[in-house]
Structures are given as structure tokens and as C-alpha cells.
Amino acid sequence: MHADPRELAKQAGQQRHHFPGGLRLRHNKQISCAVPVERAALPARLFVPLLQHAGREAEPLVAAGQRVLKGELLAGLPGGEEGNPDETGGAPMHAPTSGTVSAIVRHLVSHPSGIEGRCIVIKPDGLDQWTSLHPIGDWRQADPAALRQVIGSAGIVGLGGAVFPTGIKVREASERGIHTVILNGAECEPYISCDEMLMREQPGSIVLGAQILQRAVGASRTVIAVEDQMGAVHQALRSAVDGAGARDIDIVRVTTIYPEGGEKQLIQVLTGLEVPSGGRPTDLGLLCQNVATATAVARAVTQGKPLVERIVTVTGNGVRKPRNLLVALGTPISSLVDQCGGYTPGAARLVLGGPMMGYALASDANPIVKAANCILVLTEEDIRAPQPEMPCIRCGECARVCPALLQPQILHWAARAGLWNETEDGGLADCIECGCCDFVCPSHIPLVDWFRFGKSELRRRELEHHRAEEARRRFAAREARLALQKQERRTRMQEKKAALESDREKQQGIAAAVERVRQRREGEP
Amino acid sequence: MLTAVLTISLLGTLFGLGLGWASRRFHVESDPVVDRIDALLPQTQCGQCNFPGCRPYAAAIAAGEAPINQCPPGGAAGIRALADLLGVEPLPLNPDNGAEKPPRVAVIDEAACIGCTLCIQACPVDAIIGAPKLMHTVIADACTGCDLCLPPCPVDCIEMVLRIPVPGGWTRPRPAPAARAAGAAAGTA
Numbered sequence: 159m160h161a162d163p164r165e166l167a168k169q170a171g172q173q174r175h176h177f178p179g180g181l182r183l184r185h186n187k188q189i190s191c192a193v194p195v196e197r198a199a200l201p202a203r204l205f206v207p208l209l210q211h212a213g214r215e216a217e218p219l220v221a222a223g224q225r226v227l228k229g230e231l232l233a234g235l236p237g238g239e240e241g242n243p244d245e246t247g248g249a250p251m252h253a254p255t256s257g258t259v260s261a262i263v264r265h266l267v268s269h270p271s272g273i274e275g276r277c278i279v280i281k282p283d284g285l286d287q288w289t290s291l292h293p294i295g296d297w298r299q300a301d302p303a304a305l306r307q308v309i310g311s312a313g314i315v316g317l318g319g320a321v322f323p324t325g326i327k328v329r330e331a332s333e334r335g336i337h338t339v340i341l342n343g344a345e346c347e348p349y350i351s352c353d354e355m356l357m358r359e360q361p362g363s364i365v366l367g368a369q370i371l372q373r374a375v376g377a378s379r380t381v382i383a384v385e386d387q388m389g390a391v392h393q394a395l396r397s398a399v400d401g402a403g404a405r406d407i408d409i410v411r412v413t414t415i416y417p418e419g420g421e422k423q424l425i426q427v428l429t430g431l432e433v434p435s436g437g438r439p440t441d442l443g444l445l446c447q448n449v450a451t452a453t454a455v456a457r458a459v460t461q462g463k464p465l466v467e468r469i470v471t472v473t474g475n476g477v478r479k480p481r482n483l484l485v486a487l488g489t490p491i492s493s494l495v496d497q498c499g500g501y502t503p504g505a506a507r508l509v510l511g512g513p514m515m516g517y518a519l520a521s522d523a524n525p526i527v528k529a530a531n532c533i534l535v536l537t538e539e540d541i542r543a544p545q546p547e548m549p550c551i552r553c554g555e556c557a558r559v560c561p562a563l564l565q566p567q568i569l570h571w572a573a574r575a576g577l578w579n580e581t582e583d584g585g586l587a588d589c590i591e592c593g594c595c596d597f598v599c600p601s602h603i604p605l606v607d608w609f610r611f612g613k614s615e616l617r618r619r620e621l622e623h624h625r626a627e628e629a630r631r632r633f634a635a636r637e638a639r640l641a642l643q644k645q646e647r648r649t650r651m652q653e654k655k656a657a658l659e660s661d662r663e664k665q666q667g668i669a670a671a672v673e674r675v676r677q678r679r680e681g682e683p
Numbered sequence: 051m052l053t054a055v056l057t058i059s060l061l062g063t064l065f066g067l068g069l070g071w072a073s074r075r076f077h078v079e080s081d082p083v084v085d086r087i088d089a090l091l092p093q094t095q096c097g098q099c100n101f102p103g104c105r106p107y108a109a110a111i112a113a114g115e116a117p118i119n120q121c122p123p124g125g126a127a128g129i130r131a132l133a134d135l136l137g138v139e140p141l142p143l144n145p146d147n148g149a150e151k152p153p154r155v156a157v158i159d160e161a162a163c164i165g166c167t168l169c170i171q172a173c174p175v176d177a178i179i180g181a182p183k184l185m186h187t188v189i190a191d192a193c194t195g196c197d198l199c200l201p202p203c204p205v206d207c208i209e210m211v212l213r214i215p216v217p218g219g220w221t222r223p224r225p226a227p228a229a230r231a232a233g234a235a236a237g238t239a
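So the sequence lines, in the order shown, correspond to chains D and L.
Going from the first sequence to this note's numbering is simple: count from 1 and add 158.
Going from the second sequence to this note's numbering is simple: count from 1 and add 50.
One or more of the hints may lead you astray.
[Stated by the list, open to error] One-sided excerpt, in silico: chain D residues whose CB lies under 8 Å from chain L:
hint	residue
1	Trp608
2	Arg610
3	Phe611
4	Ser614
5	Glu615
6	Glu628
7	Ala629
8	Phe633
[As the list claims (entries may be wrong)] Below, in silico cross-link-like pairs of lysine-lysine (BS3-like), each with a Cα-Cα straight-line distance of 27 Å or less:
hint	chain 1	residue 1	chain 2	residue 2
9	D	Lys644	D	Lys654
10	D	Lys613	L	Lys151
11	D	Lys463	D	Lys281
12	D	Lys644	L	Lys183
13	D	Lys654	D	Lys664
14	D	Lys644	D	Lys655
Hints were generated in silico from the structure; no laboratory data involved.
Where is the CB? At the ideal position from N, CA and C, for every residue including glycine.
Kindly generate the complete structure, drawing on both the sequences and the hints.
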């Protein structure tokens with residue numbers, strides 16, 4: 159007999175399971191964990207991109223020359239604060255510091271394409287003065303719907319990297335019914351340590367965020383997952399949980415195997431269940447959030463502060479003093495590198511994100527966005543001389559390490575040949591782009607590049623199809639309207655003709671009557 | 051002998067009746083071929099195929115009156131899809147109908163527009179809004195880039211421009227042979 163997966167998922171964290179594939183990678187986290195997190199100095203100009211979340215660009219709500227205070231609304235959802243419940247909703251953007259809006263320009267936005275997007279440029283006044291804040295007095299008594307509302311309007315997005323608007327996520331989750339909140343502190347990608355430092359230094363706010371999220375979605379317990387190599391973190395969280403007296407929060411240490419911090423992989427480790435293909439964790443009654451997202455939630459609810467800053471790891475052999483910085487969103491990367499002692503002479507490549515899933519940026523003028531967890535500067539020695547790509551030898555190594563149980567060699571072949579139906583059937587949408595296949599490929603085939611290309615191509619085809627359907631609908635509507643107009647014109651003409659006819663009859667009637675009267679008058683005298 | 055003939059005839063009649071009933075009961079509304087061809091056409095309604103819209107062209111293809119290589123917006127990919135559907139050999143695009151171009155949108159120079167409404171009447175998908183003697187503008191999302199608004203404009207204030215790429219709508223280029231993921235080689239292992 160099959161038990162209900164939602165029931166089974168309630169056991170999350172009580173037993174540790176495994177996910178298929180994965181790799182043990184050298185950690186390289188220590189180099190940026192030596193010094194505590196410090197607030198980065200404000201640069202001369204902040205460039206706040208209007209697209210920092212999954213979805214469409216937000217619309218600016220300020221004008222050039224306007225003075226803004228820290229936390230003031232800069233840009234909002236298309237369609238107003240309420241927004242659409244659909245995924246194009248987005249998250250609002252707030253001023254990362256007080257100052258003057260100097261312009262709204264097209265500028266680099268830390269996007270893998272290198273395409274410029276619209277940015278609100280803010281010249282800080284140095285006062286860093288908050289706007290009036292409206293925290294919720296006692297979140298324990300607050301209405302869960304009000305908590306969800308605050309989370310949405312604070313512009314919080316998933317800070318683990320997917321930047322899905324948290325307000326939409328918790329609203330959908332609460333509608334589906336959630337029993338367990340999972341806080342993801344399993345920061346598995348090498349070099350990145352911003353979540354680890356956060357858990358070490360602010361365990362209290364993570365626990366608070368967990369409790370608030372739990373109330374906002376009506377869950378009964380929380381599991382915080384950390385890696386077993388993060389010793390100090392476990393201690394810190396343990397005492398924070400004890401301090402808060404939160405009996406419904408468990409801390410689970412998971413084995414460090416890349417990519418166990420992926421949402422679906424973590425859920426599999428904690429519950430032994432797979433999130434169905436095309437499904438969401440809510441199908442299992444789970445809500446998975448990054449630990450940094452939880453602190454942002456805690457700050458938004460208890461202090462009324464929107465998401466205007468985040469911790470960023472600046473690391474790699476290409477910077478002199480790798481460390482973690484608390485950065486105002488919109489700060490150019492160059493300013494952060496300067497505060498970490500500048501580049502070393504060998505610095506060769508700037509990567510946003512980690513070495514496995516990150517992407518190279520062409521310029522350090524790109525600003526820090528909500529998704530930016532790590533700035534990795536690699537040196538010449540780090541970038542292995544690119545070996546020539548060889549044909550696939552069908553060794554199957556990629557399939558062995560794939561955590562999503564895909565067949566990368568077949569997907570690669572299909573994507574290369576442009577067989578889009580086959581790539582779709584092969585489950586390309588389930589690829590999490592973790593880079594394991596790429597890493598082990600003995601032929602040095604850039605598999606993930608092909609999969610990203612394939613996904614983008616599938617999206618484009620979908621979009622084109624949608625456009626064609628829309629054009630067909632509009633064309634049909636126009637044809638129908640023209641036909642209707644023609645019909646109307648014809649009936650109008652007929653009516654007019656009929657009216658003219660009847661008019662003539664009436665005229666004749668009158669003439670006849672006049673004639674009769676005249677004859678009678680003539681006859682009288 | 052007679053028994054066998056009768057048995058087989060009876061069985062045949064029964065099965066025949068059964069099949070006849072099933073074909074009525076489970077009748078599937080088959081997708082007419084015109085619809086399926088129309089679904090593969092790009093719906094720009096541009097008329098470059100010498101038919102007054104995508105659906106008439108689809109009807110002509112279905113009737114065997116037009117070859118499948120007259121649709122420039124669909125391009126080579128569209129011809130391939132049509133060939134796959136109809137089970138014929140793909141043909142190169144007929145240059146008499148035009149050349150395959152990257153997706154474009156119409157933009158009206160709003161300062162120069164005199165408000166004559168001729169382009170509004172020409173647009174097959176109602177993507178231009180405006181009123182007599184008032185400025186007109188193009189709804190970029192709805193524009194199919196069909197060029198039909200260009201000829202009627204008396205002041206030549208409409209221009210076709212490439213769609214501005216936005217980060218959200220970006221499509222990745224095909225990986226170059228030597229490209230590697232950002233830092234995939236960074237001293238891990």
C-alpha cells in the first residue's frame with residue numbers, strides 16, 4: 159500500500175536519506191570565513207536594477223531629482239501593489255539608502271546575457287536615514303494573511319539564487335496547506351559562505367524568521383538544514399533555538415555532497431521523497447526557504463524594514479582579502495572588490511555565484527542584485543587551460559552524477575541536433591544546472607551550457623507559440639468586427655431606404671389629405 | 051460445414067455491429083488538416099505568401115494549391131515543420147515571397163504622425179491605436195512585424211526596428227565549441 163506522500167513528508171528530518179548522484183567537492187569556504195561580516199561602505203552611485211526577481215521588470219515609481227529615504231518604495235509590481243497572483247507578479251524594490259534619484263538609465267544589471275536593463279541611479283547623501291517604518295507589533299498575535307502581505311510588500315525574494323518572490327510563494331503555499339517549513343542552510347557550492355556567516359552571526363533572527371514563516375503559512379514545525387561540516391553553525395543555531403524556546407524547530411545536519419543544497423535534493427535528503435517532475439515542494443506540504451530569506455522576513459515583520467541589503471561573499475584567489483560584506487543592493491562590484499583589498503595581479507575572471515553554477519560577468523561595473531550571493535574572482539591558474547572539446551564517448555559518467563536522474567548525454571545530443579520535442583521528453587526542464595555532468599565529462603563537453611541553451615530555446619518557442627496564438631486571436635477578432643461593421647452598414651442602408659420609402663408614402667398621404675381638404679373647400683361655397 | 055459458415059457469419063455480423071457502434075460512440079472529432087497547418091504558421095498575417103492571411107494560405111496548402119515555401123516569417127524552421135506535418139520534402143524559401151528577417155516591430159515617429167488612421171486600418175492585428183487627427187502609437191507586444199502599415203502612411207513616419215532585447219526575454223546563444231561554464235574548472239575536485 160502506498161502511503162500519502164504528504165503524510166510521509168511530515169517525518170522530514172527524522173531520518174537522513176540520499177539523493178542520487180552528486181559530487182564531493184573541495185570546499186574552499188574557509189578563506190572568506192576568517193573575518194566577521196562587515197557593512198560595506200556606500201559607493202558614490204547605486205544602480206538599482208528594475209529586474210531583480212523572477213518575472214517581469216518592475217515599473218519605476220520615482221522620478222529623477224526626487225529625494226528618497228532608505229526603505230522608500232522605488233519601483234513596484236506591474237498592476238499595482240496587489241499585483242497579479244500569477245508568476246509575472248514580481249517583487250517591489252526599495253531605496254537601499256537615503257539620497258537623490260539622479261536618473262533612470264539603461265545599465266548593466268548583472269545578468270548572464272550582459273544586456274543592459276533599466277536601473278534607478280541613486281546618489282547617496284551619506285545619512286543612511288530610514289523612512290518611517292511600520293513594524294507589526296506582535297507577530298505572534300498577527301493575522302497570518304497580514305504577515306504574508308508584509309512579506310510581499312517588503313520586496314523579499316528567495317535569496318538562495320532563484321529570486322522567486324517570497325510573497326507569492328507563501329501565499330500559494332498557504333492556499334495549498336503546509337505542515338513543515340524547511341530552512342535551507344545547506345550552502346553546498348564551493349567558495350560561497352554568506353549563509354554560513356549569517357547563521358554563525360545572526361542565528362536569532364533566522365529562528366525568528368522561521369517562527370514567523372511558520373505562522374504565515376500555518377505550518378506546525380520547521381526543519382533547519384545545515385551541512386555537517388559547519389560545526390560552529392550548528393552550535394549557534396542550537397542555542398538560538400533553545401533561547402527562543404522553540405520546541406517545534408529541529409536542526410538537521412546533512413552530509414556535505416554537492417548539490418545537497420538544491421531545493422529538490424534537500425527535500426529528498428530530509429524526507430526520502432522526490433518532488434514530482436513539474437511539481438513544487440508544496441505538493442508534499444513543504445515550504446522551502448533559504449536562511450537569508452528567513453532573516454529578511456524577520457526584519458520585515460519585526461522592524462518593518464524592506465529588503466535593501468544582503469550578505470555577499472567576495473572571494474577567490476583573485477582578491478587580496480576575501481571576506482563577507484553586508485552590501486546595499488545596487489552597489490557596483492568594483493566597490494566591493496576595493497574594500498577587499500583589490501584584485502591580485504593574477505585575477506582573470508569575474509564570476510557571479512559559485513564556480514559550479516555561477517556565470518562570468520564582463521565588467522565589475524555590474525551592481526549587486528538580490529540574487530548575488532557571491533563574487534568569485536578567479537586567477538589564471540584557477541581557469542584550467544580549456545582543453546579542446548571532444549566527441550561524446552557515451553561513458554555515462556554524467557548520468558551517474560546527475561542528481562535529477564537525467565541522461566545528460568542523450569539530452570546533449572538532442573539539444574545539439576535541435577530535437578526540441580526529445581529534449582522536452584527527456585526531462586530537460588528538471589535539470590537544475592548544477593554542473594556535475596559538466597565537471598566529470600572526460601570529453602570536456604560544456605553540457606550545462608547546452609542545457610541552458612536548450613531551456614532558453616524551449617522558452618522562446620513557447621513564447622513564439624503564445625505570440626502566434628495571440629496574433630491569431632486578434633486577427634480573428636478584427637475579421638469578426640469588420641464583418642459585423644459591414645453587416646451593420648448594410649442593415650443601416652436598408653433601414654434608411656425603408657425609411658425613405660415610408661417617408662414617401664407619408665408625403666403622398668399628406669398630399670392626398672391636403673388634396674381632399676382642398677376639394678372639400680372648393681365644393682363648400 | 052454449414053455450422054461453420056453460420057458461426058463465422060454470425061461472429062462477423064456481431065463484430066461488425068460492435069465496431070460500428072464503437073465508431074459512433076467513441077467518435078473523435080478529427081483535427082482538420084487546415085487547422086493543423088494554420089497552427090504551424092507564424093500568424094503574422096502579413097500576406098507575403100500572396101494570400102490574405104495565414105489561414106487562407108493554410109487552406110491553399112491543404113488543397114494542394116500552394117507550395118509550402120511561401121512564408122518568409124516562418125522561415126526555414128517553419129517550412130521544415132510543414133514538411134514534417136505533410137510528409138513532403140522541405141523546400142528552400144521562395145525568394146519571390148521575401149527573405150527571412152529577424153523579429154521586428156513597427157515604431158511610429160509620434161512627432162511626425164498626422165493622425166490619418168490609414169495605418170490603423172491596415173494593421174491586421176489591431177496593434178495600432180489612435181484617433182483621427184490625433185497621434186497614433188503601436189502596441190509593441192501585439193505587433194507581428196508584418197510591414198503592412200508602411201505603404202499606406204502618407205508621411206512615412208513608421209519604421210520597422212529590431213525588438214529591443216530585455217534581460218527577461220533574452221535567449222541564450224548556441225554554445226560555441228570552446229566555451230566552458232563560468233568557472234567549472236575552478237580548482238574543485
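D:Arg610 as an interface hint toward chain L, with CB separation required under 8 Å: For D:Arg610, the interface hint holds, since the closest Cβ of chain L sits about 6 Å away, which is under 8 Å.
Supplied contact hint for D:Ser614, tested at 8 Å Cβ to chain L: 4 Å, holds
Does D:Phe611 meet its interface restraint, that is, does its C-beta lie within less than 8 Å of any C-beta in chain L? 5 Å, holds
27 Å limit on alpha-carbon distance, applied to hinted pair D:Lys654 and D:Lys664: 15 Å, holds
Measure nothing beyond the straight line between the CA atoms of D:Lys644 and D:Lys654; if it is 27 Å or shorter, mark the hint as holding. Measuring from Cα to Cα gives roughly 15 Å; hence the hint holds.
Assess, step by step, whether the Cα of D:Lys644 is no farther than 27 Å from the Cα of L:Lys183, and give holds or violated. The given pair, whose Cα atoms are some 24 Å apart, holds under the 27 Å limit.
Agreement of hint D:Ala629 with chain L interface, Cβ distance less than 8 Å: Holds: closest Cβ of chain L sits about 4 Å from D:Ala629, inside 8 Å.
Check the hint pairing D:Lys463 with D:Lys281 against an upper bound of 27 Å on the C-alpha distance. 21 Å, holds
Answer holds if the nearest beta-carbon of chain L is closer than 8 Å to that of D:Trp608; otherwise answer violated. 6 Å, holds
Proposed interface contact between D:Glu628 and chain L, which counts if any beta carbon pair is under 8 Å: Holds - the Cβ of D:Glu628 comes within 8 Å of chain L, reaching about 7 Å at its closest.
Close enough to count: is the Cβ of D:Phe633 nearer than 8 Å to one in chain L? For D:Phe633, the interface hint holds, since the closest Cβ of chain L sits about 5 Å away, which is under 8 Å.
Does L:Lys151 lie within 27 Å of D:Lys613 when you go C-alpha to C-alpha? 23 Å, holds
Checked against the numbered hints above, the structure violates none of them.
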